[in-house]
Amino acid sequence: MRIGLFVPCFIDAFYPQVGIATLELLERFGCAVDYPFDQTCCGQPMVNSGCHAEAAATEQLFVDNFAAYDVIVAPSGSCVHQIRDNLTAVEQTAAVQHVRANTFELVEYLHDVLKVGAFPWAKFPHKVGYHDSCNTLRNLGHGKPSELRGPDFSKPRALLEKVEGIELVSPARPDECCGFGGTFSVTEPEVSGRMGRDKIADHGRAGAEYIVSADTSCLMHQQGCAKRIGAPIRFKHIAEVLNGSAA
Amino acid sequence: MSTPDPNQTLNSAEAVHEAQPKPAKARPGQRVDHAGAAREFLHSPVHAQSHDERVWAMRQRRDTAMETIPEWEELRDLASQIKTHALTHLDKYLEQFADNAAANGVHVHWAGDAADHNRIVHEIFTRHGVKKVIKSKSMLMEECGFRHYMEGVGIDIVETDLGERIQQLDKEDPSHVVVPAVHKMRSDVSQVFAKTLGSDPNNDDAHYLTEQQRQATRPLILDADAGMTGANFAIAETGGFVVCTNEGNADLSANVPNLHVASIGIEKIVPKLSDLGVFIRLLSRSALGSPITQYTSHFRAPKSGGEMHIVLVDNGRSKRLADERFWSSLKCIRCGACMNTCPVFRRSGGLSYGATYTGPLGLILDPSIDAYRYSNLPFASTLNGSCTNVCPVKINIHEQIFEWRQVLAEDDMIPWTKKSTLAAAGRTLASPRAYRTAIKSAHSALKHLPDWALYNKLNAWGQVRDLPEVPAEGSFHDWYRKHRMDQSESASGDSE
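Going down the list, the sequences are from chains A and B.
51 is the number of the first residue of the first sequence in my numbering; add one for each residue after it.
618 is the number of the first residue of the second sequence in my numbering; add one for each residue after it.
Just chain B, with the same shape it has in the complex (with noise of 0.2 Å):
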């Protein structure tokens, strides 16, 4: 058996040091063109198959992880419940978790959206003159584009965790939730470091890359006048929060300055200390396939001499939270399960989304954010289910993206050409006589029309697959009608 392997021919040496691919970000009131960002990653190769070895390496060692937990699927439930159950009780649990704070002595501030999210930080920087801040990984800072904001506003912000940090040298967003620089590959950063940090070019040694980036940021960290981090979980019953980090970063952006802010998007509540246990088994498993993330921290009160502020951000949550539709996306832990497990992600680079949220997850949140800019983004996916089966807390993930698809097309948000070719399908297919004459055309092409003609750029099928031979025998209706039925019987869909 020799059936060709798309990968093999990809390992020469000098593969090895392909561009990275950058699509084109859509431009304001443009959408996300993801097909066309997954072509151009697809057109370099090596890059596209070290992506999908990668990450699919990811889900594997969630799979090997998983079989260590006889209790697996009942864990699943239960998270999935303690989230139902919270998310229906937000009201009550947010303040329950306000009260507790303040409690505890840390400032609670309320943002209804992005922009009053990056105000109130900035307030508080400009209160204690701050100039320079170190941050640990967070998406809803980059869901709010605090990162672009605080650099409008002359302030430093500097990333701690490695891939990030990558990630932010390079002007890029983060192309995955977990690993934000899995798309790139050590020459990749190589480039980027000797660029920005002065390293060596020509080194690509993961040691060396990683002691350049320590040396260079480690001062950064020291001076800092302010650090911020995000929160994996936060708990009603006593006021703090959890983040989970695997370099530590976190620990460093929280102790090394006196002031430490925390954003909080308001569906990280979860009622009580002991809840914890259920998400904290699951989160590490399903991400990266290891028992726990190395890090594990909890954040109650300020240090002493410090001050803490918490910044509870709703941006869009509670909207969301009223439709009946979508409302469970908000359980999501943020574990990137199901980007590992997509084998559309996995084929188009995280950064073909053009959007925070990427993978399964985005196509479900990045709409109800811009329905716009990001409709064509739940047509990005076979709607094969596997995301939906790895989701630690159960959201019925391909389920939102055939119902976004819905949304999308009645909002009249798809490209008029695909409606309208629907539309015509759907009168051809709805009229059996029309039905068998699209057939017989069909077959008619394909015996008579040169290749030129089947394979061009407007036939997307023939652009990488060859299209069905006609069958000798003709259609299953005429094989039946010759050999099972009457010739006197009428065919009324040939007479209609």
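So here's chain A without its partners, still in its complex pose (with noise of 0.2 Å):
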């Protein structure tokens, strides 16, 4: 079985240690992993400001650079929801079908399909406060969130216990947006850096020295903000922590 590695065109240019370590952490597990040299996008900006039509193209590259694996793992939750819900624009043939049911996010691969139980070579002893995503949490299911009555589950959280020294803490608004939103956080600058600002401010009154994440995206926003702010607390990608990453 073939893993296609996707990694999203923002990790691409700004992140490329968050792909690194997704490569590396799934093939720590015994997986063999192709990244297919063509890729670019799956078409999310468009199809996150309603221009369906103009994200046909971008959608059946990725389609095209990908049906021919099994499986296709990205580090992004909003990316793999746009791939799984949103994939629409091109036309539904076998291969556009096989690539929505066969994407995976990184924590849920992980999670669900490898069944991790150990990540012996990783240590990260800081106080880390993690940002569930919108994504993640709400369409891709990584959790309860906090808005519904059940029994309580996280699935990044349990990959996180697994490495030593970590120490999780909880913002006390636990899932409420950061304010990144796509194309939001250009069309609404104003609400977004506040809502960017107080998620940093509640994470950091809760003593975290870290933010985590399995979006990228979110960390981008929150690390602009703080930076601008002149805030200490710090960004990883799940997958680096998981990955071993020292700090």
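Think of the hints as simulated: they come from the structure by calculation, not from any bench.
There's no promise every hint is true.
With a cut-off of at most 25 Å between alpha-carbon atoms, the simulated DSS-like pairs for lysine-lysine come out as follows [stated by the list, open to error]:
id, chain 1, residue 1, chain 2, residue 2
1, A, Lys-173, A, Lys-212
2, B, Lys-642, B, Lys-788
3, B, Lys-936, A, Lys-194
4, B, Lys-1057, A, Lys-277
5, B, Lys-1064, A, Lys-277
Remember, predicted model here, so these are calculated numbers, not experimental data.
Given two chains presented individually in distinct reference frames, assemble the corresponding complex, making use of the accompanying hints.
Dropping the structure here:
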């Protein structure tokens, strides 16, 4: 079985270490992983703005790149949500349906498919606030959102708890959106920025030294907000922590 | 750890008297500028912080109330199913309701749109020589522009809900379906009452203010010629309807004058009296976290010697019912839970929506009322989905917001610059070579351009946050080619 690694555009451009950690982590568990070289993006920026027709060619390119793989794994919840639930601008051929049904977000793949029991190489002796991105939490089902009644569970926390030395802390508004929201971050910059600052302040009050998430886009936004106001909090993608990144 | 808290600097005494932000309303034919109005609201830091905290407190009380009901999620399912059933058999239940109401001695009227509603009520008032009316809060009457219509024909309307009365005295629209003046500080209310009721402008004690308005309004209530209410639920089986309030003001409106007119949206129908148990348990818990509203009043027939009219209003509802993408928005019971949980609503204030319905609910209702005017609203969301999860009748609110964006883009209702930018993005992202070039240019720009070029008004990202740094090792693509590929392998993305 071969895995196609999808490294979304902004991770490719600005956070290569997230792609590298994802690749290495999958390989540590014996997966055969390819990186299709002509990949670009899943089409989300256009679809998120209602411009589905403008996304069709990008979606087609995505499918062309990944249709040959049994499974596609990406370190980005929002992109996986786009592929799984909203990749509809292209004709729904068998290839498109195959790609949509077999694309996994990294945490899901580790937790649900590989059922990983330990990360013996990983140590992260820091206070960590986990950022549940809205797409992983509410659209991919990473855990129980605070709005719903039912038993608590969290796949990313279950994985992070296996990392030696880590201490997970919880903000007062555990799963409030950080304000990134794709194009929302540029169409409503003031509200977006305020939400980002509120989010990192909430984590700061909980004692977090690091904010860790499965969505790099939320981290990119929060990191930009933190730098602007001089907040000392640091940011890591969950793949980096699980792959043994020291700090 | 010392992460700066954006709220911390706002507690100084002088800040308490910050003036209330008042966003300009869009003129006819204009688009509502949500982002601009939200910016203004956030630039009033005391109001912004208070609004977020107050509204979030309602969400927290809702969560606490939910935890007391083990079958909460089943209740939501049941409420959603009852609404689905009622809406898919709406013609039958509306007729049953109207027949039963008429048999109870109520005059039933049918209004196709807002103008019909206002005209019908005006005719009833004219027949009875009504000049002074008291009314309890009704979003439907707001939707119909009823207050303004009545002002135009010389009939005095007095709101009996405290928050709504504050808004009326301040000549503002309600900013929230349940707590219409939640965006105001006590100091704002004190200013409004000082100007309109002659109270002490330097006294903003809540008890004092409430008493001032009570003393001013009570004579108007006792003197009214007619009373108006809305309805939260209309029961087909009995022809009766239910109004839920926390101040008992609907009871005053309905019982003090001899003439009672109730304006009811056709989507308020539930089949049976026993269905109410499901909705009453959900409504106030979802809204404010209280187990039930203080007053859950049932009305069925005119009081002895009095007269009761019901105006059943369509105003676009049957058209929406026919749209498979958006019909389920008619299930809404107006609890406001979606507003309370919405992080965008809490930061921007309800008036920023420039519409009767605000928050996530407004984003899906308003464009169906006027697509162009409200075309920015479905973009005033991060699509985080919290609204869908709190909705007691399980409307897929964030999915409908997403759906509306596509409808507006296809109908050319989004700004041309936005569409052309995204079309260009689509072309770049569809071509591996153009994409590689774009990344190289972005890296080069970030490395070489001075800050003033990156952080200016045209760069919305840079207005509030720093841009990411250029990674030392280049893109992932570069890294992969260097470390994982045989140099003899050709990289088609670069040589296309």
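| query | For which of the previously enumerated hints does the structure constitute a violation, in increasing order of number? | reply | Violated: hint 3 alone.
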